[in-house]
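So you can see what is in the structure, the chains are spelled out below.
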Amino acid sequence: MNLIEAKNISHAYRGQQVLSKVSFSLKEGTWTALIGPNGSGKTTLIKLILGLLPLQSGRLTLWQKNPASELGYLEQKITPPRLMPLTAFEVVKMGLLSTKKGFKIFNKEDLKTALNMMRTTNCFKYRNKLFTELSGGQQQRVLLARTLINKPKLIILDEPTTALDSTSRESFFELLSKLNKEQNTTILLITHDIAEIGKYATDFMVLDKELIFSGTKEEFCSSEAVANYFGSYTQHIMDHLHSEESCPFPAHIHNHEHASTEAK
Amino acid sequence: MNPFELFSYSFIWQAILGGLLIAIFTSLIGTFLVLKRLSLMGDSLSHVALSGVSIGFLTKTSPLFVALPVVILSALGIIKLTKNEKIYADSALGIISALGIALGLIIAALAGGFNVDLMGFLFGSILTISQAEVLLAAVLAVLSLILISYYYHELVAMTFDENFAKTAGVNTDKINTLLIVFSAACIVIALKAVGIMLVSALIIVPPSAALQIANSFKKTLIYSCLFSCSSIILGIYFSFLLNLPSGAVIILINLLILFIILGVKYAFKKRKIA
Ligand SMILES: Nc1ncnc2c1ncn2[C@@H]1O[C@H](COP(=O)(O)OP(=O)(O)O)[C@@H](O)[C@H]1O
Ligand SMILES: [Mg+2]
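Each protein sequence line maps, in turn, to chains A and B. Remember, the numbering used here sits 897 above the position in the first sequence when you count from 1. Remember, the numbering used here sits 258 above the position in the second sequence when you count from 1.
For the record, the hints were derived by calculation from the structure and aren't laboratory data. Just so you know, these numbers come straight off a predicted model, no measurement behind them. Among the hints, a few may not be true.
[Said to hold, decoys possible] List time: in silico PhoX-like cross-link candidates among lysine-lysine, alpha-carbon distance up to 20 angstroms:
| id | chain 1 | residue 1 | chain 2 | residue 2 |
| --- | --- | --- | --- | --- |
| 1 | B | 477 | A | 998 |
| 2 | A | 1026 | A | 1048 |
| 3 | B | 432 | A | 1026 |
| 4 | A | 1048 | A | 1005 |
[Claimed, not checked] Covered, in the sense of this in silico footprint (three residues per stretch, anywhere, with C-beta under 8 angstroms from a C-beta of chain B), are these stretches of chain A:
| id | stretch |
| --- | --- |
| 5 | 968 to 982 |
| 6 | 991 to 1001 |
| 7 | 1076 to 1088 |
| 8 | 1099 to 1110 |
[To be verified] The following residues of chain B were derived to be distant from chain A, with all beta-carbon distances above 12 angstroms:
| id | residue |
| --- | --- |
| 9 | 368 |
| 10 | 371 |
| 11 | 471 |
| 12 | 479 |
| 13 | 502 |
Ideal Cβ placement from N, Cα and C applies to all residues, glycine included.
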């Protein structure tokens, strides 16, 4: 079953085109790595999927009309009010909001679920601290707990590991991997590091304003489009894909923003 | 004068009751506005109220009841303006604010200039609050409690992280509009207590003080409400005792609470470091 089907999605901010005719489908149970240089439209694409931006053109079909309760989203960067008087625990509990209707009450069971989820993502220790007083990495674990607490069918993560140290990154990915394998949770993960995700991802999407490639990992490794796009860097990527060494998105591939401003 | 003599007057009790009701809804709604960085909204809407009140004088109707729809409509206008990508939100507030004052001054001049009644609206006159106004304040206080308890989790989530709230299925546009329109009504009625010049302080100061010491959202709401209510009672008492303008005394006591909390917090921090 396809959870997402996108057809010819284009998007422009104040007349500047950032996505052009993007079409793809996302199969249930896959772990898709969405990669692309800075400013290539990755965040824009998932904001369209999530309904955070209005669809300007193209067609987008999700597995159901109101997917909120089956959806987990971890944003690239959140900026809560500096004085927000909310503990880490209360932030995690917030993740259950989508499962409630009408007058919302959290029962004992919910509180237990939240505490357990905090143990799972390793942030139980600071459950009673104010969220805004935690470090970037600690905040990220709390937000991951909030994302996972409603047992989503689809999890969308936007560069989730930038604030984490390497051991935390490892356990972060292991946790997602467990969900993917044991509960068939579908994962769409935006990342910069191709090799790091290579160990886990089953599918790849390469975006650079247009969709350069979309397919399984095997197809990715043998794709001509990928080879053309990455040029001399392709071999480097393929070498790293199955190793543990990091392999950031090649710096020499300029994004369209640069290309178009240079052209002007 | 016997310092407790004032409590023998029934109009004092009416003023205290009205003032407490006003303190309840302004401090509760204010907590959300302050955290959402919308505290200047109160300022702009109160300036618009000058236009509304002046229209009331010009048409010889009830200034407060005329100001109500005028300010609510402007609040809807502000929501529209802030959604316009070409204007910054704070500039939009400044624009509406300027319009409110300029129009208000012209209409007030047409209505016969600045008289005692208009001064009452500029600087507040809680001692002259009418029964109808107390009733209206009671309705708003009850509505604010209902609104906040019904949408509590949604409001907290939206204040913390609006994108998350949206993806969790919260109708953020609806709740934002509700919050802002309701704030508009609150501001108009709160004019009675401290006046156009100071009403935004009732929205901003008690929540700011509460945020310094509360470690949870519910406590912030409770402290904010307690601070505001105490300053109403103390403010009315001291203004009567010392024969000073009540609105100004109420706000000064609110500020005093904030400064004491900030001072104590600062002293504690120093001791911890030393
Ligand atoms: N709200 C916005 N207004 C105007 N331009 C934007 C906005 N958000 C993103 N952009 C532009 O759109 C392009 C794509 O951005 P984004 O989707 O965030 O890229 P990525 O996530 O791949 O780094 C960039 O050039 C960025 O500057
Ligand atoms: Mg991005």
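Quick rundown of the hints versus the structure:
no., hint, result
1, B:477 to A:998, "violated, 25 angstroms"
2, A:1026 to A:1048, "violated, 24 angstroms"
3, B:432 to A:1026, "violated, 31 angstroms"
4, A:1048 to A:1005, "holds, 18 angstroms"
5, 968 to 982, "holds (count 9)"
6, 991 to 1001, "holds (count 7)"
7, 1076 to 1088, "violated (count 0)"
8, 1099 to 1110, "violated (count 0)"
9, 368, "holds, 43 angstroms"
10, 371, "holds, 43 angstroms"
11, 471, "violated, 9 angstroms"
12, 479, "violated, 10 angstroms"
13, 502, "holds, 32 angstroms"
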